[in-house]
Amino acid sequence: AQSVTQLGSHVSVSEGALVLLRCNYSSSVPPYLFWYVQYPNQGLQLLLKYTTGATLVKGINGFEAEFKKSETSFHLTKPSAHMSDAAEYFCAVSERSSYKLIFGSGTRLLVRP
Amino acid sequence: SQTIHQWPATLVQPVGSPLSLECTVEGTSNPNLYWYRQAAGRGLQLLFYSVGIGQISSEVPQNLSASRPQDRQFILSSKKLLLSDSGFYLCAWSPSAAFRNQPQHFGDGTRLSIL
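Protein sequences appear in the order of chains A and B. Every letter in the first sequence is one number past the one before it in this note's numbering, and letter 36, counting from 1, is 36. Each position in the second sequence, counted from 1, maps to that position plus 1000 in this note's numbering.
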């Protein structure tokens, strides 16, 4: 069965530093890949998605992610962290034959002033 | 544009009481609909999904049930709540079954506390 691993339940960075949140999936067939952000007591908001085509995907709020088939990874990055980026981030995958999303356990991003 | 509404935002219920959470989607037709539960400090667990009126798939055996009485309405219910039913409940939708590469879009959630 498909699974998603997010390394690090908590990541702490200084304001202005690079943000790197890691996501690996288990499927041998490239799935569809998504990153979501969740602020406290809110629903999930889509940051970006990869389905086909260019492997570097740009999203909202200055985030981007790169699909690397050889590494089965879809890491999320942002060059310079803002205080407003503090939230929980979820990586999700969808097999091409399924309507369902498989979510990682989430990474809480803390941004230090 | 499409919007999703979930209510209530918060709910406090005694053990053994019934539950009804409602979710509606506007601006699209024949969406896929989903109910998730998020326990404190944990990820999302898919509870139910539906690809059409009256079609419900259950992902985990539990104390809850779901119904889809109308195309854009999805209801989560329980006859008798348990303490373990506490959590943050999220409804989501995605475009119709033909578009499997589309993301899911989430409502604002319902915080359910069982006393």
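For the record, the hints were derived by calculation from the structure and aren't laboratory data. Check each hint, because a few of them may be wrong.
Unchecked claim - Only pairs whose alpha carbons sit at most 20 Å apart, straight line, appear in this in silico EDC-like list of lysine to aspartate or glutamate: (1) Lys69/A / Glu95/A; (2) Lys68/A / Asp85/A; (3) Lys49/A / Asp85/A; (4) Lys68/A / Glu95/A; (5) Lys100/A / Asp1071/B; (6) Lys100/A / Glu1059/B.
To be verified - Short, incomplete list of chain A residues facing chain B, as computed with Cβ under 7 Å: (7) Tyr32; (8) Phe34; (9) Leu44; (10) Leu46; (11) Leu48; (12) Thr51; (13) Tyr99; (14) Ser105.
Where is the CB? At the ideal position from N, CA and C, for every residue including glycine.
Evaluated hints:
no. : hint                 : in the structure
1   : Lys69/A / Glu95/A    : 14 Å, holds
2   : Lys68/A / Asp85/A    : 24 Å, violated
3   : Lys49/A / Asp85/A    : 18 Å, holds
4   : Lys68/A / Glu95/A    : 16 Å, holds
5   : Lys100/A / Asp1071/B : 19 Å, holds
6   : Lys100/A / Glu1059/B : 10 Å, holds
7   : Tyr32                : 5 Å, holds
8   : Phe34                : 5 Å, holds
9   : Leu44                : 4 Å, holds
10  : Leu46                : 5 Å, holds
11  : Leu48                : 9 Å, violated
12  : Thr51                : 4 Å, holds
13  : Tyr99                : 5 Å, holds
14  : Ser105               : 4 Å, holds
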